[in-house]
Amino acid sequence: MMNNNYFGPIKYNNRKLPDTLIYKTIRVNDKTNQSYEHYTAFNKSGKVIGIIDGNMETIHPLIGDPFFPGFKKMKSFYIYYLRSKEHNFGNKLLDFVQIISKKNGGEGKFHLIASDRYNIKKPPHIFYRKYGMNSLYTEIIKDIDRHIKGKIKLEDMELIDIPMYFIPKDINKQKNNTKILPKIINKLISIIKK
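Per the numbering used here, the very first residue in the sequence shown carries number 244; after that it's consecutive.
In case anyone wonders, no lab produced these hints; they're calculated from the structure. Computed from a prediction, not measured in an experiment: that's the story for all the values here. Take these hints with a grain of salt, some might be off.
As the list claims (entries may be wrong) - Using C-beta positions, here's what the derived DEER-type ranges look like: (1) K259 x T301: 36 to 42 Å; (2) K267 x L379: 26 to 32 Å; (3) T283 x S358: 19 to 25 Å; (4) K259 x K392: 36 to 42 Å; (5) I391 x N272: 31 to 37 Å; (6) K259 x K412: 29 to 35 Å.
A virtual CB, placed ideally from N, CA and C, is assigned to each residue, including glycine.
Using the sequences and the accompanying hints, generate a full structural model.
Below, the structure is given as structure tokens:
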């Protein structure tokens with residue numbers, strides 16, 4: 244007997260494909276046996292243009308996590324590995340990490356260890372700093388800033404592996420506004436008491 248199910252031609256969907264497609268898988272570290280998220284970014288032709296490995300973590304500054312300033316615990320996406328295989332695609336990868344962090348309760352915060360192990364001639368510290376990342380290693384950050392301004396050569400810098408963090412600007416503005424309000428209230432109270 245012949246099967247006569249006919250569905251007709253597939254309609255061409257006119258929607259434009261995005262320039263980048265990102266595929267997520269869960270992988271397991273062979274050494275630690277812990278799972279982590281692996282994101283692979285592809286262009287329209289299927290070429291891999293970026294990779295992100297990482298996980299959401301809760302940072303406990305009082306226990307010794309050296310990433311963020313302050314003493315409050317917080318959620319942040321920890322980037323184990325980041326690789327851009329296309330020129331100027333690194334910013335888009337970090338923008339995507341902010342989205343992952345926001346979806347998982349981290350408010351867009353992320354952190355990593357900046358290391359020049361993979362490329363000594365082009366250390367990522369500078370790229371991360373230009374993106375807006377910071378570090379508690381203030382002397383190294385000052386040198387990086389001086390290099391970005393053209394005041395110090397790369398060869399004259401002593402870069403080591405440093406923990407770096409990113410806090411979105413809108414969160415920083417909210418924190419600064421909450422500091423101003425108590426100052427205003429205290430000032431008003433002192434005026435009223437006179």
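Which of the stated hints cannot be reconciled with the structure, identified by number in ascending sequence?
none
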